[in-house]
Amino acid sequence: MARALLVALVLLTCGTLYLFIAKIWWMPALASTSGAAIDREFSATLLILGTVFVVAQIGLGFFVWKYRRSNTATYSTGHRGAEYAWTAITAIIFVAMSLAGERTWAELRGAHSPLEQEVQVEVTGTQFAWYFRYPGLDGKFGKTIPATVDASLGSAAAIGLDTNDPAAKDDVVTAALVVPADREVRLHLHAQDVIHSFFVPELRLKQDVVPGLNVEAHFQATRLGEYEIVCAELCGLGHYRMHGTLRVVSEDDFSKWLRQQEGAAR
Amino acid sequence: MTDSSRTDRGTTSGILGRIFSRDHKVIGLQYFFLSLAAALVGVALSALMRFHLVWPDASLPFFGAIKPEQYLSLLTMHGTLMIFFVLTTAPQGAFGNYCLPLQIGAREMAFPRLNMLSFWFTVLAFLVLLSAFVVSGGAPISGWTHYPPLSAVASAGPGQGMGMDLWIASIGLFCFASVLGSINFIVTVLDRRAPGMTMMRLPLTVWAWFITAILSLLAFTVLHAAIVLLFMDRHAGTSFFIPEGVVVNGSVLQHSGGSPLLWQHLFWFFGHPEVYIAILPGMGLTSHLLSTFARKPVFGYRAMVYAMMAIGALGFMVWGHHMFVSGMNPFAAFAFSVLTMVIGVPSAIKTFNWLGTLWRGSIRLTVPMMFAIGFVSVFVTGGLSGPILAQPALDTYLHDTYFVVAHFHLIMGVAAVIAIFAATYFWFPKMFGRHMNSTLGYAHFWFTFVGAYAVFLPMHFLGMAGHPRRYSQLTEVHYLQPLLPLQRFITWAALVTIAGQVIFLFNLFWSIWRGRTAEPNPWEATTLEWSQGQDSPVMRGPYEFNVPGAKAEFLMQQEE
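Just so you know, the sequences run in chain order S and A.
Residues 10 to 275 (this note's numbering) make up the first sequence, in order.
Residues -11 to 548 (this note's numbering) make up the second sequence, in order.
Since the hints were derived computationally from the structure, they do not count as laboratory data.
Using N, Cα and C, we set each Cβ at its ideal position, and we do this for glycine too.
Quick partial rundown of chain A residues pointing at chain S, CB under 8 Å, derived from the structure:
(1) Ser130
(2) Ala144
(3) Pro248
(4) Val313
(5) Met329
(6) Ala336
(7) Tyr441
(8) Leu445
(9) Ser460
(10) Phe533
Label pairs and their computed distance ranges (CB to CB):
(11) Trp480(A) to Met10(S): 21 to 31 Å
(12) Gly245(A) to Leu124(S): 22 to 32 Å
(13) Leu56(S) to Ser124(A): 51 to 61 Å
(14) Leu55(S) to Ala323(A): 20 to 30 Å
(15) Arg6(A) to Thr81(S): 43 to 53 Å
(16) Leu28(S) to His223(A): 41 to 51 Å
(17) Ala94(S) to Ala538(A): 24 to 34 Å
(18) Met10(S) to Val123(A): 46 to 56 Å
(19) Thr463(A) to Leu56(S): 33 to 43 Å
(20) Glu225(S) to Gly245(A): 19 to 29 Å
Based on the sequences and whatever the hints tell you, model everything.
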């Protein structure tokens, strides 16, 4: 039985290692600038923790086999020096990993390009759809009135856009998020009813969308293409089908698209 | 206080006396069978969930096709049953109640009547929870974490009306029972130890139950407060968790000023210590079993005690790591992240000391020992994904994906359940005077150990591929389609693993009546529950095996 346990633990370790190295199932190809730091941090963390995993599992299997019943037990209540040593070593490793990780976090949350260069988009999450609003030429988001929300009357009514507010006149509300590549996009996230979470795996971006809070998130897309936006926070019976589309287009196509939308809105 | 001396075995005359017993052993067994019932329901729900997830259109006998909202009800009830009625109840309520007084040489728990009350409140909580299945709208769909506004507004989904109220009532009762129970445990350990049983001579199981009881006392009171606030938001027109201008199902709610994040802070202030409430008894037991069956003292007994204390204390300072992407101030994430990583230190200390206990031992691979070794393996695997999720930048990607499902199922679910199995095989001779069949025991171990890894290891990769959790089916999102074969594999693995548990059930009930009769100290253990000399004082620490120059291979704690 000792040998069986050793074999099982070795197989477990090798199998897990294989899956992490072969990357049969893995993160989708990166499509944002800030995601690169996340991917690097993930690789570094996996390397450290993977080493610990291998040593601990193989060590456990080896000890079970090596000190099986035929071995004579040696009395020992512990070793103070060993306790100090592994406490200090693990403390240094974990705290260092944590502090290194904080830099990535600070970059994700802190980076801010000049406001006028950013594309501003308001995101509204509702059971079970995403709506996106662009402020139009005036650069201002018009008012919304919760009492007028009616999804059956189109995207603008779905977020309760106040048609009497001058700032709202040129607002564009769409069902797809269209952004230019290589430019900072700032999302202003709102939830109408319950908590949702805006998640685009390729951007490595996830942010909860909370009623009553104006939460911001930002990203810069690097690859043209179409990506899925899914909801990552349980929001009700249609949670699994709450998804939208992100289209990353060239700067020119973006301007063309936006002008077209503004024309349609008017 | 006079109660315990007067009625050692409770007033056990008559059938009512036996049901409403104040005897800690009877109550321990009652908790055991209650959590077994809860586990059977919880496992059945997970089988239905796994089935619907990969064959959403298939029809089941008796159930028909499962609808997405029913999937979410199953998910909510699975989580609630497993976390409260299995992982909290079995390690502490069942084995703690049965063994703690025996291991410290007390005749009874400090408050036997309170003990009985606490058990029956738990039964009531269980029945109220199950009744949510049969009311109109069915069981709640907002997951066991019940984030408002989804949980605060009846119109937010099916099950959020009566079903949700029943959930609140059930957990209210459960919190009350847990607080009573924890007070009882704390007082018993502090006040009822036999002469000579100093704190540093306590078996590590007792230390674990003691620290767990302190965590329970502090955590469940906060949860209780939180669900009262939630109830008020639902029925008394308050706005603790609901802000202004929320539009649900086309109508504007008449609330203003509340914060959905307040619930998350309160909930996780309970929720994170709860993880340790579930797993600390397993840690204590693993130390106990590794020492007993390696025939060596626990390596670093004091370090183990301090590590458990550190885990318990730090456990109250890390709740924000559940909220990195919640919209919480990003500066708060810094503190929560560092503190969470620091918990890795006492956890690593425990692992090193477990390996140190095996080192140069003479390991008897009994069935409980197999499970204890399995615990160490699963604890390492499940634990190591912790420092990944503790980094806010990485959690940004992995939060609310299957990676998290894999993490907490391994570290909290599987590890704790493996410890419960270990405890069952180990203390069965004490509880029923018979042995469980060991051939069936080994078969059950392999089914469980291999099965659990087959189910939960692949989930890490689902999470890395960006698969959000709590999706009732994969059909609507394109990038999930390539993951369907892996999800199907997991479902098959789960069904096989569940089938393997039939071996355990058969072995359990067969052995109660037909098992091989057990000797008084079948494992040659040293602690008081296996001792014959009831009233002699405690002479030494709990893990004296192969002491150089001693007259026997092991020295009972009470032996001269």
